[in-house]
Structure formats: C-alpha cells, structure tokens
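A.B. asks: Residues per chain, in single letters:
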Amino acid sequence: MDTSRSPVTLNELADRFGGEVTGDGSVRLSALGTLERAEKGQLSFLANSKYRRQLADSKASAVIVGEADRDATTLPRIVTPHPYLYFARVAAFFFPPPPIVPGVHRSAVVEAGSAIGSSSSVGALAYVGKDVVVGERCMISNHVSIADGVTLGDDCRLFAGVVIYADCHIGSRVILHSGVVIGADGFGLAPDQGRWVKIPQGGRVIIGDDVEIGANTTVDRGALDDTVLEEGVKLDNQIQVGHNVQIGAHTAIAGCAGLAGSAKIGKRCTIGGSAGISGHIELCDDVHVSAFTMISKSITKPGRYTSQLPQMTHAEWRNSAPYIRRLDDLAAELKALQKRTAKG
Amino acid sequence: MDTSRSPVTLNELADRFGGEVTGDGSVRLSALGTLERAEKGQLSFLANSKYRRQLADSKASAVIVGEADRDATTLPRIVTPHPYLYFARVAAFFFPPPPIVPGVHRSAVVEAGSAIGSSSSVGALAYVGKDVVVGERCMISNHVSIADGVTLGDDCRLFAGVVIYADCHIGSRVILHSGVVIGADGFGLAPDQGRWVKIPQGGRVIIGDDVEIGANTTVDRGALDDTVLEEGVKLDNQIQVGHNVQIGAHTAIAGCAGLAGSAKIGKRCTIGGSAGISGHIELCDDVHVSAFTMISKSITKPGRYTSQLPQMTHAEWRNSAPYIRRLDDLAAELKALQKRTAKG
Amino acid sequence: MDTSRSPVTLNELADRFGGEVTGDGSVRLSALGTLERAEKGQLSFLANSKYRRQLADSKASAVIVGEADRDATTLPRIVTPHPYLYFARVAAFFFPPPPIVPGVHRSAVVEAGSAIGSSSSVGALAYVGKDVVVGERCMISNHVSIADGVTLGDDCRLFAGVVIYADCHIGSRVILHSGVVIGADGFGLAPDQGRWVKIPQGGRVIIGDDVEIGANTTVDRGALDDTVLEEGVKLDNQIQVGHNVQIGAHTAIAGCAGLAGSAKIGKRCTIGGSAGISGHIELCDDVHVSAFTMISKSITKPGRYTSQLPQMTHAEWRNSAPYIRRLDDLAAELKALQKRTAKG
Chain A
1 MDTSRSPVTL NELADRFGGE VTGDGSVRLS ALGTLERAEK GQLSFLANSK YRRQLADSKA
61 SAVIVGEADR DATTLPRIVT PHPYLYFARV AAFFFPPPPI VPGVHRSAVV EAGSAIGSSS
121 SVGALAYVGK DVVVGERCMI SNHVSIADGV TLGDDCRLFA GVVIYADCHI GSRVILHSGV
181 VIGADGFGLA PDQGRWVKIP QGGRVIIGDD VEIGANTTVD RGALDDTVLE EGVKLDNQIQ
241 VGHNVQIGAH TAIAGCAGLA GSAKIGKRCT IGGSAGISGH IELCDDVHVS AFTMISKSIT
301 KPGRYTSQLP QMTHAEWRNS APYIRRLDDL AAELKALQKR TAKG
Chain B
1 MDTSRSPVTL NELADRFGGE VTGDGSVRLS ALGTLERAEK GQLSFLANSK YRRQLADSKA
61 SAVIVGEADR DATTLPRIVT PHPYLYFARV AAFFFPPPPI VPGVHRSAVV EAGSAIGSSS
121 SVGALAYVGK DVVVGERCMI SNHVSIADGV TLGDDCRLFA GVVIYADCHI GSRVILHSGV
181 VIGADGFGLA PDQGRWVKIP QGGRVIIGDD VEIGANTTVD RGALDDTVLE EGVKLDNQIQ
241 VGHNVQIGAH TAIAGCAGLA GSAKIGKRCT IGGSAGISGH IELCDDVHVS AFTMISKSIT
301 KPGRYTSQLP QMTHAEWRNS APYIRRLDDL AAELKALQKR TAKG
Chain C
1 MDTSRSPVTL NELADRFGGE VTGDGSVRLS ALGTLERAEK GQLSFLANSK YRRQLADSKA
61 SAVIVGEADR DATTLPRIVT PHPYLYFARV AAFFFPPPPI VPGVHRSAVV EAGSAIGSSS
121 SVGALAYVGK DVVVGERCMI SNHVSIADGV TLGDDCRLFA GVVIYADCHI GSRVILHSGV
181 VIGADGFGLA PDQGRWVKIP QGGRVIIGDD VEIGANTTVD RGALDDTVLE EGVKLDNQIQ
241 VGHNVQIGAH TAIAGCAGLA GSAKIGKRCT IGGSAGISGH IELCDDVHVS AFTMISKSIT
301 KPGRYTSQLP QMTHAEWRNS APYIRRLDDL AAELKALQKR TAKG
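Read top to bottom, the protein sequences are chains A, B and C.
Per our numbering, numbering through the first sequence is continuous, rising by one, with the last residue being 344.
Per our numbering, numbering through the second sequence is continuous, rising by one, with the last residue being 344.
Per our numbering, numbering through the third sequence is continuous, rising by one, with the last residue being 344.
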C-alpha cells in the first residue's frame with residue numbers, strides 16, 4: 001500500500017491537531033511508520049513508555065510522544081497528553097478513506113422502490129432489494145447484499161460481501177467489513193417430543209451511529225423485540241451476537257467472542273477475545289471482561305472480571321489438572337485434618 | 001419489520017392449534033409481543049414461571065400460559081401444557097416465510113445440465129454449477145453459490161451468499177443462512193520433514209432433512225468418507241464442523257462451538273456455545289455439553305457435562321489462579337501432613 | 001463425489017511413489033477408502049498402529065502400511081516408513097484438482113489496468129479491481145472479490161466468495177477457501193473521553209507460497225507494518241488473525257483459534273482448535289499449543305503447552321468448581337496447618 005502523501009511539516013500537523021512542537025518543526029513528513037521500521041521522512045509515535053527503548057534506535061524523522069517521554073528523545077517531536085489518540089487523528093489524515101464515486105455499477109441489481117442517495121455508490125455485482133433506503137456518501141461495495149426494507153444512514157462503508165437481512169436499520173457512519181451478516185435468524189427452538197420446532201424470528205437488528213463491525217462477525221435479528229447495538233459500539237472479527245442482545249454505547253468487543261441470546265451489555269464495557277457471555281444475563285456499565293473468560297451470572301458492579309487457566313507446560317498440566325476435578329475432596333480432607341489436629 | 005397481520009381471535013387460534021381458552025376468547029390479535037413490550041392487540045406468552053412477575057404488568061391483550069400459570073393472570077389466555085412450543089406454532093402463523101417467486105433471475109448464472117424445480121427461485125447474481133439438482137419450492141437467494149453436482153431436496157431456503165462445494169447433498173426443508181460454507185476441504189495434513197503435505201479431501205457433506213444452519217457456520221467435506229448431519233440437526237452461527245464428523249438426528253449446537261475431525265455426536269444431544277469437541281471421539285445419544293466446555297474423551301453415558309472456570313473478579317483470579325498450576329504440590333503436601341499427623 | 005478413476009495396479013503405484021510391494025502387486029485399484037468402508041477394488045491405509053484391529057476386517061483390495069504393520073495383514077500392501085504421507089501423495093494422484101479452464105467468465109467484472117495470466121480463470125460473477133496482478137494457472141472462482149492493487153502468484157486456488165482487500169500480496173500455490181477475508185481493517189481504537197477513535201489501518205497482508213487458509217478464516221491487515229504469513233502456513237476454518245501478526249513458516253493452526261494483534265508465532269508451531277494467543281507476545285519456533293489453551297505470555301522454549309480444564313460430569317463440576325475461586329485460601333489454610341503441626 002502506498003501510504004505516502006505530499007509532505008507536511010511537524011509545525012503544520014501541530015497547527016491542525018494541537019500539541020507542542022519540540023525540536024525542528026520544519027521537518028518534512030510524508031508517511032507514518034512504527035518506531036522499529038520508520039525511515040527518514042516518516043513520523044512515528046510512542047504510545048506506551050514501556051517501549052521507550054525503541055525510541056533510541058528509531059530512524060523516524062519525528063515522533064509523537066506523551067508528557068512523560070518529552071525528554072526521552074532528541075528527535076523533533078510533538079508532545080501531547082494522549083499520544084495514541086493523537087496518532088489516530090494523524091493517521092486519518094495520512095490514510096483518508098478512498099473517495100466514493102457516486103452511482104450504481106451497471107452490473108449491480110437494484111430492485112424497484114429503493115432510494116439511494118445520489119452521492120452514494122453501489123458497487124459491481126451488488127444487490128439492493130425493494131424499499132431499501134440508503135443515505136448520502138455511502139459506499140456499498142461489490143457483492144454486498146441488502147435485503148428488502150433495510151435503511152442506512154449517511155456515510156456508511158459496507159465492504160465486499162456484507163449481507164443485511166430484511167428490515168434491519170443501520171445508522172450513520174457505520175462500517176461493516178466483509179463477511180458480516182446482519183439480521184440472520186436467531187437460534188430459537190422449542191422442543192417437541194425429541195424434535196425441534198423453529199421459532200420464527202420476527203424482530204430486527206438496529207445498529208446505531210458510528211458502529212464498526214469486523215470481518216465475518218454475525219448479529220442475529222431479534223425473535224420478537226430487536227437486537228440493538230447502540231452508538232459507537234465496536235466489534236472485532238468473528239464475533240457472534242445472539243438474538244435480542246443489547247450492547248450499550250461505546251462498548252468494544254474483541255475477536256471470537258460470543259454473546260448468547262438476550263444478553264444485555266452496558267455502556268463503555270470491553271470484552272476480551274474468545275470471551276463468552278451467557279444468555280439472559282446483564283452486565284452493568286463499565287464492566288471489563290478479560291479474554292477467554294466466561295460470564296454466566298449478571299454483573300452489577302463495574303470492574304474487571306477474569307477467569308483464565310494459568311499458562312502451563314504440558315507436563316505441569318498433566319500433573320495438576322486431575323486435581324481440579326477433586327478439589328472438593330482435597331478441601332474436605334484439609335478440613336478433616338484441621339479438626340483432628342485441633343482436637344489433638 | 002411489519003409483523004402485524006389481519007387480526008385473529010383467541011378462539012380462532014385455539015381452534016387451529018389446540019389449548020384451552022380462559023377469559024374473553026373473542027379478543028382480536030394482530031401481532032405478537034414479549035410480555036414487557038406487548039401492546040394492546042398483541043398476543044404474548046409465558047414460557048417459564050420464573051418470569052411470572054412480568055405477567056402482572058403486561059399490556060398484552062392475551063397470553064399463552066402453561067398449566068402452572070393458569071391463574072397467574074386475569075388476561076384472556078390459552079392454557080397449554082407446552083406454552084413455548086405453542087408460541088412457536090403461533091409465531092409461524094404470524095410470520096410465515098415470504099412467498100417464493102418461481103424462476104431464475106436474469107442476472108443469475110446457471111450452467112448447462114442443471115435441473116431446477118419449476119416452483120423454485122434462483123435469485124439475482126446467484127451461481128448454479130453443472131449437474132446440480134434443485135427440488136421444488138426452494139429459495140436460492142442472491143449471491144448463493146452452488147458448485148457442480150450438488151443436489152438439494154424440496155422446500156430449502158438458502159440465504160444470500162451461501163456457498164456449497166461440489167457434490168454435496170442437501171435434504172429437504174433445509175435452511176442455510178448467509179455465510180454458511182458447506183463442503184470446503186477438511187484440515188488434512190501429513191508432515192514431511194518440517195513441511196505439510198495436503199491430503200486431498202475426496203468425501204462429501206451429506207445433510208439430512210429439516211436441518212438448519214446459522215450464519216457463517218462451516219461444515220467441511222470428508223477426507224474419504226462423508227461428513228454427515230442427520231435429520232433435524234440445528235446448528236447456530238459461527239460453528240466449525242470438521243471433516244468426517246457425524247452429528248446424530250435432532251442434535252442442537254450453539255454458536256462458536258468447534259467439532260474437530262471425525263468426532264461422532266449422538267442423537268438428541270445439545271452442545272453449548274463455544275464448547276469444543278476433540279477429534280476422533282464419540283458422544284453417545286442424549287449427551288448435554290455445557291457452554292465453554294471442552295470434551296476430549298468419549299462419553300458413553302447420557303447426562304450433562306460441564307467444565308467451566310467459575311466467574312471471578314480480576315482480584316480473586318489473580319490470587320487464586322497461580323495455585324491451579326501447583327495443585328499437585330498442594331495435594332502432596334496435604335498427604336504428607338496427613339501421614340505425619342497420623343503417626344504422631 | 002465420483003472418486004473412482006481408471007484402475008492402476010499396486011506395482012504401478014510403487015513405481016511412481018516408492019515403497020515395497022508385498023503380496024500380489026498386480027491387484028487393480030480404482031478408488032481409495034477407509035479401512036472400515038473400503039470395498040473390493042479400493043486401496044486403504046493404516047497410519048496408526050493403534051487402529052490395527054480394523055485391518056483384519058477390511059474389505060480393501062490393498063493397503064498402505066508402516067514397517068511395524070508389515071505382517072499385520074495378508075492383503076497386498078505397500079510398506080513404507082511414512083504411510084500417512086504416502087497416502088497423501090496417492091490421494092493427490094486419485095483426486096487431482098479439477099482442471100482450470102482459462103479465461104474470464106462473461107459475467108465477471110474486471111477493472112481496467114489488471115493483468116491476469118492467460119492460463120488463469122476468473123469465474124462467474126467475480127470481481128477484480130484495478131491494478132491487480134494474477135499469475136498463471138490460477139483459479140479465481142465465482143463470486144470472488146479482489147480489490148485494487150492485489151497481487152497473486154501462480155497456481156493459486158480461490159474458492160467461491162473469497163474477499164481480498166486492497167494492496168495485499170498472495171504468493172504462489174496458495175489455496176483460500178470460501179468465506180476467507182484477507183486484509184480487513186485490524187481492531188485499532190484509541191480511547192477519547194468515553195468514545196473510540198478509529199486508527200486507520202495502513203498496512204497490508206503478505207501471504208507466502210504454499211499457504212492454505214480454511215473457510216471463513218479472517219486475516220486482518222497491519223496498522224502500519226504488514227501482517228505476514230510465511231511460506232507453508234496452514235490455517236483451518238474460522239480462525240481470526242489480528243493485525244500485525246506474524247506466523248512463521250510451516251506453522252499449522254486448527255479451527256476457531258484466535259491470534260490477537262501483533263502476536264508473533266515461530267516456525268513449525270502447531271496451535272490447537274479454539275486456542276487463544278494474546279496480543280504482543282512471541283512464541284519461539286517449534287511450540288505446540290494444545291486445543292482450548294490460552295497463551296498470554298511469551299514462550300521461549302520449544303515444547304507442548306496445555307491449559308484445559310479436565311472433563312467433568314456436571315455434578316463433579318458443581319462440587320469442585322467453587323473451590324477454584326478460593327484456592328488461595330486453601331493454600332493458606334494448609335500452610336497454617338503445616339506450621340501449627342510442626343510446632344507441636
């Protein structure tokens with residue numbers, strides 16, 4: 001990817017994004033790079049002081065650093081309270097999303113009754129069903145499939161192969177990556193004498209503004225009520241969101257996590273990779289679930305929750321693991337011993 | 001989703017689906033709703049007595065209840081031994097699947113030698129390979145891809161973007177959701193001096209009648225024999241089914257579970273979300289595996305199996321987890337102490 | 001799948017692939033089968049002596065066996081030091097990949113400025129963006145989506161619905177199964193007063209020669225540097241590979257595993273199904289991670305690492321699991337008891 005652009009000076013960046021320039025502010029920068037790999041003409045950043053060591057060896061022409069690292073380098077630098085956030089803004093300046101070429105590709109299929117904003121694009125071989133509404137400046141990439149009755153706000157970006165089932169609603173500035181499936185049927189089954197009877201899923205998925213969803217993540221439609229992702233929710237790849245789940249604003253969830261049906265997640269939560277949330281439970285605002293942790297009971301107190309096995313060599317595991325299954329016996333033996341020796 | 005329909009009375013529902021009407025059977029119902037959100041004119045249900053409290057506040061015009069909750073409300077109601085199953089049937093009446101418009105969309109590509117039932121539909125931009133057989137009343141949605149030699153029974157519904165590899169067989173009344181991949185190569189590798197040599201996967205996937213598979217679930221083809229899902233199997237989203245797996249009739253598996261190659265699952269089993277089943281093992285009929293549980297040895301006795309870490313705060317975990325790795329030492333120390341104090 | 005071919009004799013196979021023929025080398029073989037299911041005219045194999053019992057009952061006409069099983073059957077046989085590897089080679093001979101019919105399907109969309117090898121095929125309804133380079137003898141199946149600036153080597157096979165984002169590089173002899181997404185944005189977010197600011201992802205994905213990636217697996221593009229899969233890496237289905245991950249040559253990873261951002265995996269490692277690797281850690285060469293195991297700290301010593309809960313009945317689990325959370329208390333009580341009784 002050619003990530004270079006016409007050069008800007010450190011002073012120009014500070015004019016645009018704030019921060020304090022220290023050293024030669026006239027240094028010209030045409031690309032971004034990590035501390036280890038940046039070359040002359042590139043801007044880098046140090047977000048975490050524990051990697052300060054990399055600063056010394058960096059060939060970057062300038063860096064973004066926090067207050068604590070103000071004097072950790074002699075490179076020209078921008079000092080800012082939040083260097084990672086600052087980097088995010090600069091990166092958006094260096095890597096603007098590709099421009100949208102308005103119009104519907106000749107190979108796309110758009111059913112009658114759809115209203116697509118005139119500044120939006122519908123890519124090659126995409127499908128747009130009946131009564132779909134798409135706002136302005138949206139990018140509907142090739143092979144995207146939007147079923148009847150779906151509505152999208154403005155400035156959305158749907159990458160190749162996204163699927164949205166009928167009647168779902170997507171807000172503005174939403175990014176859906178390839179392979180995302182929004183609105184498939186939830187897993188609703190009633191037992192009937194050893195067989196399963198399907199519960200039709202009559203709800204929708206409602207996605208708020210500024211949501212981003214990673215590749216191959218699935219969000220099921222509600223059974224009767226809707227599945228809801230509030231504004232600013234960020235989902236990584238390969239996540240499963242069951243029917244009737246509600247995810248509060250600005251919650252972020254890492255890859256491979258699973259949220260079972262009717263779970264309710266608060267605002268500003270974070271859920272680690274491969275974590276699991278049981279159905280019908282509730283997490284209050286500001287809960288942080290570690291990776292590989294299963295939450296099976298509601299949480300009413302903000303904080304971090306972790307249930308991981310410690311890392312072990314196979315030999316350690318082979319010796320220790322069998323005792324996990326008989327911890328109740330060990331505890332009982334210990335108690336018996338306590339009693340016996342106390343008497344003695 | 002406009003889930004309303006021309007109204008029916010409670011009596012009419014009871015005529016059609018059975019159950020005992022209590023209260024005003026002439027009440028007119030045009031939609032379904034949950035107890036919390038149902039409005040006037042809507043029918044709700046109470047499947048589990050522990051949510052009985054919601055019944056009191058519900059604005060539903062009528063409810064479906066079990067025998068135990070017969071007198072828990074004064075709303076007009078249908079009393080039935082299995083209220084959830086009853087609701088499933090009523091929901092299918094309120095939310096019938098959209099009608100199939102027979103024919104092949106002009107933008108679809110259908111190769112020569114395929115036979116598609118005249119009452120079936122092939123959607124926009126779909127692909128159907130050579131020598132494919134599709135029965136009657138099937139919905140092949142837009143962007144579906146069916147490779148050479150695949151056969152489908154009647155009344156199947158394949159949602160946008162489903163992929164079926166060559167030569168697989170799909171029964172009747174099968175539902176495949178978007179992103180499902182049937183028949184990709186299994187993970188077969190032979191080591192050869194530090195490199196891997198691919199084992200070609202020459203088997204198929206055979207899917208029985210009345211199977212439903214959730215979004216982005218993958219079922220690999222067999223290496224030599226076939227991967228088989230018997231009738232009535234229900235798979236949720238994001239599940240991986242390895243090559244040569246056999247899943248017995250009416251087994252249901254929740255999201256993100258993984259079944260390694262050549263595992264054999266019995267009939268009427270349930271497997272919880274994110275659970276894992278090792279390769280080459282066998283679960284007898286009527287085994288229930290809890291969420292987040294790994295099964296690495298064959299199970300010959302029906303029942304429930306669970307291996308989850310208990311839910312912990314991060315502080316509890318930080319204190320306790322290190323001891324898991326040295327449980328063998330704790331057990332040895334305990335034993336030594338028992339001996340020593342016994343001698344004394 | 002019709003897996004039969006014009007018959008070959010055991011002698012002809014040995015001429016081609018080596019090994020020692022024992023018994024009637026003129027036996028004619030037209031298909032492969034497992035020991036349990038092989039019929040007359042089929043060749044089978046015994047890769048693991050523990051299944052030797054199946055050899056006795058097999059109806060195969062000939063078998064491939066290791067030195068140790070040389071005399072375990074009277075069937076005509078090829079004796080070889082590595083029967084599974086031998087079988088892999090024979091299977092490639094019996095199940096050659098379907099021939100590629102060069103050319104671009106009339107329904108595919110190929111943008112200007114792309115260069116596609118004349119012996120390669122682009123299937124129905126596929127999309128190829130600008131400035132894409134595809135080598136010789138590649139199969140780009142139907143519904144594949146290749147964005148601008150992607151390069152592919154020779155002899156690649158991309159199955160239906162694969163998506164490759166802009167500017168990624170794919171080596172030669174790479175196999176990508178349906179639903180694979182290469183190069184979607186990594187999960188990069190900077191916190192800003194309770195909201196998340198997206199970090200644009202300006203790196204690429206670089207995939208070496210002889211890599212195979214299973215259905216619905218996702219590999220994210222780097223943030224600044226690239227995500228790299230070295231030659232011979234094999235990924236199963238439903239795996240998530242985060243941004244900036246590096247995977248060393250000939251490492252194999254089983255289904256549903258998750259690798260968080262910037263993890264670095266050595267060469268010739270194996271990672272089991274549903275395992276998790278934390279971000280920013282490093283595994284040296286020749287590390288083997290068991291299924292369902294989370295690795296949260298770097299590993300500098302080759303070997304096997306395992307952290308699984310033992311398999312339990314639900315009753316065993318209910319009794320034992322609560323003690324896991326208070327292992328620190330049990331250890332403290334044990335220590336106190338040791339002290340007290342030692343004094344006595």
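Some hints here could point you the wrong way.
Since copy identity is lost for identical chains, a pair holds within one copy or between any two.
[To be verified] Simulated pairs of lysine-lysine, DSS-like, Cα-Cα distance not exceeding 27 Å:
#: 1; residue 1: Lys343; residue 2: Lys50
#: 2; residue 1: Lys198; residue 2: Lys264
#: 3; residue 1: Lys267; residue 2: Lys198
Note that these hints are calculated values from the structure, not bench results.
A.B. asks: Work down the list of hints and note, for each, if the structure agrees.
C.D. replies: Consistency of the hints with the structure:
no.: 1; hint: Lys343 with Lys50; result: neither (54 Å within a copy, 47 Å between copies)
no.: 2; hint: Lys198 with Lys264; result: both (23 Å within a copy, 24 Å between copies)
no.: 3; hint: Lys267 with Lys198; result: between (32 Å within a copy, 18 Å between copies)
Of the numbered hints given earlier, the model fails hint 1 alone.
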